[in-house]
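A.B. asks: Each chain, letter by letter, is given below.
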Amino acid sequence: MQDRIIRCLFEPLGTGQPNGLSLLINGLGNTLLITFGAVLLGAFLGVGLAVMRSSEKRAWRIPAFLYIECVRGTPVLVQLFIINFVVFASVAVDKWTVAIIAFGINSAAYVSEIVRAGINAVAEGQMQAALSLGMTKAAAMRHIILPQAFKKILPALGNEFIVLIKETSVVGFIGGIDLMRAGDILRSKTYDAVVPLFTVAVIYLILTVALSQILQAVERKWSRR
Amino acid sequence: MIRIENLRKRFGNNDVLKGVNLHVRPKEAVCILGPSGSGKSTLLHCVNRLSEPTEGRIFVDGEEITAKNADLPALRRKLGMVFQHFNLFSNKTVLENLTLAPVLSGIMSPENAEEKALTLLERVGLKEKAAAYPHSLSGGQKQRVAIARALCMSPKAMLFDEPTSALDPEMVKEVLNVIRELADNGMTMMIVTHEMNFAREVADRIVFMDGGNVIEDATPAEFFSAPKTQRAKEFLGKIL
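Chain order of the listed sequences is A and B. Per this note's numbering, numbering through the first sequence is continuous, rising by one, with the last residue being 225. Per this note's numbering, numbering through the second sequence is continuous, rising by one, with the last residue being 240.
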C-alpha cells in the first residue's frame with residue numbers, strides 16, 4: 001500500500017513531468033479559486049435578489065422570483081453547460097471565469113433565499129423605527145436590517161459555502177482541471193483508482209471540516225455581542 | 001401642527017378608522033385614550049405614514065404628508081416616534097442609535113450629532129450607557145433611549161405609541177417623567193396611553209376613541225369628571 005501511495009503521489013508521472021501530488025495541489029488551487037469567486041459573486045447577487053424579492057413592487061419581486069425558481073429548478077451541470085456552450089460559445093474567456101460565473105449565478109439563488117429568511121427574521125419594528133427617523137428604505141436595509149439578518153444567517157451561509165466547494169467538482173465537464181478532475185487524470189495515468197480518488201476525497205473532507213470549524217468559531221464570537 | 005381630515009383606514013374588510021378628524025395645535029399635548037382595538041395606534045401610525053391611510057388627508061407643519069409626491073423622509077423627520085416595544089437598533093450602540101439617522105440624512109455632522117446625542121442622553125439620565133448595546137439595558141432605559149433617539153432629529157412633534165405598556169410597573173415612572181418634562185417644555189405631542197393619571201396630569205386635551213371614531217374631544221378636567229358619552233363613562237368606570 002505504501003508503495004502504491006508513493007508511486008502515485010510522489011514519483012514523477014513521466015520524465016520531466018510533475019508528481020501526482022503537485023497535480024492535485026494545482027487542482028485544489030483551482031477548486032478554491034472557483035469556490036471563492038463563486039461565493040463572492042453569489043453573495044453579491046444573492047443579497048440583491050433577496051432585497052428585490054422582499055420589495056413591495058411587483059416589477060422588482062417577479063424577476064427575482066423567476067430567477068430563483070429557474071436556477072433552483074435546474075441542475076447546476078445544465079447551467080454550467082449553458083453558460084459555457086451557449087452564452088460564452090463565441091467569446092474567448094477562460095474556463096475559470098465561466099465556472100465562477102456559472103456557480104456564482106447558481107449560488108445566488110440559494111443565498112438569496114437564505115438572506116430573505118434572515119430579513120424576515122429581523123423584527124418589523126426595526127424597519128418602522130428607521131423609517132420613522134426619516135431614513136430611506138435603502139438606508140434602513142443597509143445599516144439596520146441586513147447587518148442583523150447577516151448575523152442570523154451566518155450558519156446557513158457557511159453551509160452554502162461548503163456545498164459550493166463540493167459542487168464545483170463538476171467543472172471538469174467543461175475542461176477545467178479542478179481537484180476532482182486532477183484526481184481523475186491521475187487515476188488514468190497511474191492505472192490506480194484507489195489512491196487518487198481517496199486522496200481527493202480526504203482533501204475535500206479536510207476543506208469542509210476546516211471551514212465549518214472556522215465558521216463555528218466566528219459564530220461563537222459574534223453571538224457574544 | 002398636525003391636521004387630520006376624514007382619515008379612513010381599512011385592513012381587508014375591517015374598518016379600523018372610520019373618518020377621523022383631529023387638529024393638534026403647536027405646543028399641545030393630546031392624549032388618545034380608548035379601549036384596545038379602537039384604532040388609537042393605527043391613527044398614530046397613519047400620521048407619519050408607517051401605515052398607509054385608505055382615505056383622507058394629513059398635514060404636518062402645513063405640508064400634506066398624504067400627498068402622492070410628499071417627501072416622506074423629510075416629513076417624518078419632523079415627527080419623532082416612540083414605540084411600545086422601543087425598537088432600538090440592536091446592532092448599534094446607544095450612542096449610534098441616536099446619531100445614525102441625523103448623520104445619514106445629512107442634517108448634522110458626526111461631531112455635532114454626537115455632541116447633541118450625549119446632551120440628550122444626559123437629559124434622560126443615561127449618559128453612562130452611551131457605549132452599551134440595547135440588549136444590556138432594562139425596559140425603562142431602552143424607552144428613555146428611544147425618546148432621546150427621536151429627539152436627536154429635533155422633531156417638531158412627538159408621537160408616543162403606548163410608551164409604557166411593555167414596561168414592568170416599577171419602570172413606568174422614569175419614562176413618564178421624561179415625557180412630562182417634554183410636555184413642560186412645550187413639545188407638541190400625540191400620546192396613546194393607558195396611564196389615566198398621567199393623561200389627566202399632562203394632557204392639554206383628551207381624545208377618546210371607540211370603534212374607529214373619535215367620540216370625545218375634551219379637556220382632561222371635563223373628560224375625567226363629566227364624560228359626555230355613555231361609552232366613555234363605561235370605559236372610565238372599568239379603569240378607574
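Rather than coming from a laboratory, the hints here were simulated on the basis of the structure. Cβ coordinates follow ideal geometry from the N, Cα and C atoms, glycine included. Don't take every hint at face value.
To be verified - As a list, the in silico DSSO-like pairs of lysine-lysine whose alpha-carbon atoms are at most 27 Å apart:
hint	chain 1	residue 1	chain 2	residue 2
1	B	Lys233	B	Lys129
2	B	Lys156	A	Lys137
3	B	Lys68	A	Lys137
4	B	Lys129	A	Lys57
5	B	Lys92	B	Lys68
6	B	Lys228	B	Lys238
7	A	Lys152	A	Lys221
8	A	Lys151	B	Lys129
9	B	Lys92	A	Lys152
10	A	Lys137	B	Lys92
11	A	Lys137	B	Lys116
12	B	Lys238	B	Lys173
Said to hold, decoys possible - So, partial list: chain A residues that the calculated Cβ filter (under 10 Å) puts toward chain B:
hint	residue
13	Met52
14	Ser54
15	Ala117
16	Asn120
17	Glu124
18	Gly125
19	Met127
20	Leu131
21	Gly134
22	Ala139
23	Lys151
24	Leu154
Unchecked claim - Here are the in silico distance ranges between beta carbons for each label pair:
hint	chain 1	residue 1	chain 2	residue 2	range
25	A	Lys221	B	Glu201	46 to 56 Å
26	A	Trp60	B	Gly37	43 to 53 Å
27	A	Ala117	B	Ser109	29 to 39 Å
28	B	Thr229	A	Glu124	41 to 51 Å
A.B. asks: To test your reading of the hints: which numbers does this structure violate?
C.D. replies: Those not satisfied are hints 1, 4, 5, 13, 14, 15, 16, 24, 26 and 28.
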